[in-house]
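**Student:** Turn these sequences into a full structure, and let the hints steer you where they fit.
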Amino acid sequence: MSKSLIKWLGICMALMLVLLTACTGNESSDAGKGNSNLAKEQVLNVGSMSSEPPGLDPLKAQDSASGLVLSQMMEGLATTDTEGKVLPGIAEKWEANEDSSEFTFHLRDAKWSNGDPVTAMDFEYAWKRMLDPKNAAIYAYQLYYLKNGEKYNQGKAKVDDVGVKAVDDKTLKVTLEKPTPYFPSLTAFYALLPVNKKVAEKDKNWAGEASTYVSNGAFKMKEWKHNSKIVLEKNDQYYKKKKVKITQINFPFVADSKTGYQQFESGELDEGNGNIVPSDLTKSLLDKKEAKADPNPASYGIDFNTKEKPFTNAKVRRAFALAIDRKSIVENVTQGGQEPADGWVPWGMPDFSSDKEWVKNHDQYLKPTAEPSKAKKLLKEGLKEEGLDNMPTVTFSYNTDDGHKKIAEALQQMWKKNLGVDVKLANMEWKVFLEKKKSGDYDFARTGWLPDYIDPMTFMDMYMTGSGQNDAKYSNKKFDKLIKKAKSSNDQDQRMKAMHQAEDIMMEDMPVAPLYWYTRVYMEKDYVKNVKRSIDGNVYYTEAYLTEH
Amino acid sequence: MLHFIGRRVVLMLLSLWVIATLTFVLMKSIPGDPFTSEKKYPPQTIANLKAQYGLDKSIPEQYVTYLKNLVTFDLGFSINNTSRTVNDMLSDGFPISAELGGYSVFLALCAGVLMGSVAALWQGRLPDYAMMILAVIGISVPSFVLAPFLQKYLGLEWRLLPLAGWGKPEQIILPASALALGQVALIARLMRSSMLDVVTQDYIRTARAKGLPPWRVVSRHTIRNAIIPVVTIMGPAIAAVLTGSFVIEKIFSIPGMGKYFVESITNRDYPVIMGTTIFYASFLILMNLIVDLMYGWIDPRIKVSGREGS
Amino acid sequence: MGIPAQRFEPSPKRQAAMEVLSRPSVTYWQDVWRRLRKNRLAIVGLIGVALLILMAIIGPYLQDYSYYEQNLATGKNLPPSGEHLFGTDDLGRDVFVRVWYGARISLIVGFSAALIDLVIGVLWGGFAGFKGGRIDEFMMRIVDVLWGLPYLLIVILILVVMNDPGLIPILIALTITGWLNMARLVRGQILQLKEQEFVLAAQTLGASTRRLMFKHLIPNVMGPIIVMITFTVPTAIFAEAFLSFLGLGIQAPFASWGTMISDSLIVILMDDWWRLFFPAFFLSMTLLVFNFLGDGLRDALDPKMRK
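Residue numbers (the UniProt record's numbering), protein chains in the order written: chain Z, 1 to 549; chain E, 1 to 310; chain V, 1 to 307.
Derived from the structure by calculation, the hints contain no laboratory data. We treat Cβ as the ideally placed atom computed from N, Cα and C, and that holds for glycine. Keep in mind that the hints are not guaranteed to be accurate.
Unchecked claim - A few chain V residues that face chain Z, going by a derived Cβ cut-off under 8 Å, partial list only:
1. GLN70
2. ALA73
3. LEU153
4. ILE156
5. VAL160
6. ARG211
7. PHE245
8. ALA252
9. MET270
**Tutor:** Structure (structure tokens):
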């Protein structure tokens, strides 16, 4: 009896301590304060990876799991803060020529984890390696900004013609294809990270094992137990090592979200992203404040095949869009804090011509709730225009996934109730789904789009005539003209105006019906402090620390 | 006997060739390739990638290359896990899957044979019905339902066993049990059924009439003659379990090779598809050969040596 | 000797009396039915199967809801009550109606799988085992090849070729590999059985191959066959859920026990137990009554138990 009493008291004490530390943690706004109650063991367990990262060589990295590990281990010429603002990284400073077509980067004294200095040559080597057609890097096109970058990648130019040159150990000169004022911000992306030339030339597969992996960032690889976990430890060669408090990060691969959630609950994991939040539990975890949801500038919607009757007709497409109760989808089906979409460009996207968000600067294209009478009227008119007496049978396709299935079932019911149309559902294996959409062998299908870069353009040019991304096969000359205008202009006001006009047209034609804007869900124990989450989805543990718990 | 085994080995290679060929045809005929993705990359990038993996060559050429690689046991790098070769993946994953599978097979065999024999010897009485109920639960609760239950109660609520992971002995218990339950049920039911067939046979009556103690009758005569069906199904079952279970390894975060069977196909990772398929198929065919050899050893009357039947 | 020779006179033949049977003549199947009736558990099983089929037919009409009707705003995840006997699911659909609707699909899939096992598996294995030699070797290598092929690839190919999801593609997918275990099992048993004395006796008496197979060998393998079938049924029911998930099977919002169970696994970590419990419970019940019936049938079919 007394033993269990003591245990309970202990738990209560521990809880109070946690609460106390949580309070003090919130009060201290910057990392310097609150050090008094730092936990003795600064080991962080992160459950954000579902499986082995496909490749940790910057040459091969192309997915979020690789990106997460690289963000901790590698640093480029520049870095970005959580708002996307550019900060100096390995390059202390840089200057541009008059029209921003040439940049000179000055490197600081930084070292690789094996003690080698980080030189300008490492950057030149890494970038040329990225563009080498023999290496077939997926992200080679991220370096097409460089003069002759694209040509070299296509085998039409020589390697020496590529516009990157190490003037000396500490100076890197970059010549671009055309003026690009925002080039320094691109150097933070992992396709432009440096590679230790000596190491990579000696061992082609250097990035495959912990023993040969060399990094230049806050952490280095301690252990890579394939298929099981990656362990990082603090890099003592890092130039800002004093700011790094975490001594070790464990990334166990958690393939099942139910398992991950239970490991978080039992304390085996300190934090993790949506990978450890089972989607059906999201709502209750958000309500209990155990999970948090940040806006994610990404859109979920429905692509209509505009080459397939009856969706050749804009009124029919609009009718299907208006029959959807977006608010109900978000509140009752997805339940992860998402926002009903009233346009295709999502929340979080900046409007560079004003200080407000993009989505606050246009009319509401779609109401959050359904408009059944308007939808029915549009459907009738549209079918008549197409010379159809009855609504033909249409099939809504989605790729195999519990979440998509639930949304599809809810949509089917809404179209039945609000439009009087019986829609068939078909789910497909992922790559079969992609191929069917690409070849136009579908009626209408789910779509989702995550930005390639933080600019509304990444949601617009995909619907230009003939774009590889345009599964709706949408084609409108006026829309194309506006997008081209926005692309050729360097004036932000003109660009944004053209794109707003383009979105007006697009939402009238409705090749894609927006459903909701995404969130990024994550769970984090309250003793984990100062983790940086940037708008583009990167997570940095560089300055994070743990308080006593 | 040696002649028989020799012929079976030749036939085994022939079967493997047929499987490799059909698999190649299947994987080439389904939509998508390793580089199909939601984000469309520039055509030049895709062309470079295809050239790197020899996918720009004609289909017959690719087929010949794959066969050559198979024969030399060198399938090269995985397309998806860019820094790992197929051989690495299999040689790392198989011992883990095999260890887990080995425990679960052992558990299933012991429990299944015991339960089945008990049920048969007490036919129509309480132990028989109890075993039947247990078996019905065993087959109607698949491992993907049982595993999260075990995890929640034994792992999270009562903290008796680790939730997931691999490397410590106590981490084997939950996944091995979840994996074994269905097999236990099948073995127990089969064992019961064939025991009932055997106990009415004349030689059992003879053995008993000669005064052999009951436990000897059961262990030497009844089980031995009743175990053929269990041996038959255990052949392929062992091949399947030892090469890993996708579901169980996923739920318990076990770094085995089970997931490669599924992920290689969803990723269209051609070298890994070929590697896993041939690995599993060789194992399966080998197990079936062993089963055929065991028939003769368990019951010398059985002839499978390839001579024409009467 | 003291016995007079006339005592050894043959008695007069009375044709009529010889034709009279002391017991009524019963065929094999009449005999099976007679013995099955005496087995109480088997009768419980039979009634259970009948009840399940009846509920699958009329169950969906017993409540005023349809299997697809949702109530997103106010009717999600309601516990069982007078209104919804088995509660509602995460889209506000009535679980009672869905369970019985799902019973239709799952029972069809289960029965079909059993039939495939019985027809293809038993015949293939029986023939191979009985013939032996090269024929056996050839037929078993075909089994090996089918078994060794990656099933997922086959499924994706069917999905692409058929283009129209539904029950037919599922049955095709089950037909390709569903019978392999049964074939090997029956073959192994026949290999053992055919060396026994009663087969030699029948052969010596001139029994035809067909008669040997169907009258002597297969009835003696009925025990393992029935056990195997009782395992094929749940395996097929869960395979259907897996295939539906891949896009091959019946499409949402149709329900089956398999899809209801795999879609509601998460309730293990929540309080909405009814979403998982009811489909799982009725699936278990189905298997239980099938096992009762199966055991009874096994005893009834066993030629050695014939008196």
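**Student:** Give a verdict on every hint.
**Tutor:** Verification of the supplied hints:
no., hint, in the structure
1, GLN70, "holds, 5 Å"
2, ALA73, "holds, 7 Å"
3, LEU153, "violated, 11 Å"
4, ILE156, "holds, 6 Å"
5, VAL160, "holds, 6 Å"
6, ARG211, "violated, 49 Å"
7, PHE245, "holds, 6 Å"
8, ALA252, "holds, 5 Å"
9, MET270, "holds, 7 Å"
The earlier numbered hints that this structure contradicts are 3, 6.
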